[in-house]
Amino acid sequence: MSCPEKYTAYMHDYLDEDISEQRALELSEHIQSCGTCEEHFKELKRTIALVQGTAHIKAPEGFTEDIMAKLPKEKRKVELNR
Amino acid sequence: METIVNSRIKQVLKGDQNAYGEIVELYKDKIFQLCYRMLGNRHEAEDVAQEAFIRAYINIQSFKQGKKFSSWIYRIATNLCIDRIRKKKPDYFLDAEVPGTEGLTMYSQIASDSVMPEDKLVRLELQETVQKEISKLPEKYRAVIVLKYMEELSLNEISEILDIPLGTVKTRIHRGRETLRQQLRNL
Chain A
1 MSCPEKYTAY MHDYLDEDIS EQRALELSEH IQSCGTCEEH FKELKRTIAL
51 VQGTAHIKAP EGFTEDIMAK LPKEKRKVEL NR
Chain B
83 METIVNSRIK QVLKGDQNAY GEIVELYKDK IFQLCYRMLG NRHEAEDVAQ
133 EAFIRAYINI QSFKQGKKFS SWIYRIATNL CIDRIRKKKP DYFLDAEVPG
183 TEGLTMYSQI ASDSVMPEDK LVRLELQETV QKEISKLPEK YRAVIVLKYM
233 EELSLNEISE ILDIPLGTVK TRIHRGRETL RQQLRNL
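Residue numbers (our numbering), protein chains in the order written: chain A, 1 to 82; chain B, 83 to 269.
Just chain A, with the same shape it has in the complex (with noise of 0.2 Å):
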């Protein structure tokens, strides 16, 4: 037997922190008493926590200065000009 539809949209807006405390209440009693429900929201728990457990990246070496060097050049005559 599946559950109504509402439980997984209630689960993405709790996820989101925007569920009335109704709704919430009504989740977490839908939860212990449904195991489908309950293994659904871990894997979804678990699922933003390994998005967010991949590690934060820098931009590469020289960036900035490759960058620099790209721009177009007749701002810097108005800087010259200055």
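Calculated directly from the structure, the hints in this document are not laboratory data. A hint or two may mislead.
One side only, chain A facing chain B, incomplete, derived with CB under 8 Å [what the hints assert, rightly or not]:
{"id": "1", "residue": "I31"}
{"id": "2", "residue": "S33"}
{"id": "3", "residue": "T47"}
{"id": "4", "residue": "V51"}
{"id": "5", "residue": "Q52"}
{"id": "6", "residue": "G62"}
{"id": "7", "residue": "T64"}
{"id": "8", "residue": "P72"}
From the three backbone atoms N, C-alpha and C, an ideal C-beta is built for every residue, glycine too.
Given the coordinates of chain A, assemble chain B onto it according to the supplied hints.
Structure of chain B alone, referenced to chain A:
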């Protein structure tokens, strides 16, 4: 940060190109990361991230003072990434073999510490899998997931950056999360 940025933009508008360098410094990691997560490839990410900053510079007159510069640059970069994805042939991934090498992948091209303890290796493999699954998402879901979970932006900011209603942002995040859940559940 926005105050510093706004004063630098004023300098740029007056013709001071060096002031733009400071703006690039402030946002380069965020924009590079966005491009990398969207494209799944460092070389392309660098290319697109640079193009985003150059375009922003060229169009700086059209940036509305008082708006958030970060949203503006994010928007330029996201759009460039989406264009690039649409033009691209099927994705190739970091673990694809580098041509002319034996068993070398793009991962081995990325500088790493000389010691690679096993737990670190496992973590790297996990991150690789996650990145691969993100790269498989249709670009409209990919953009919201990257902006939300890697750039840590609010739903409102994402709505502004992508110029789509908040409700659409939510729907896309929900779908993106569901797709990733199904792909990553057996990890």
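Handout entry: Structure versus earlier hints, numbers of those that do not hold, lowest first
Key = Checked against the structure, the hints that fail are numbers 1, 2 and 6, while the rest are satisfied.
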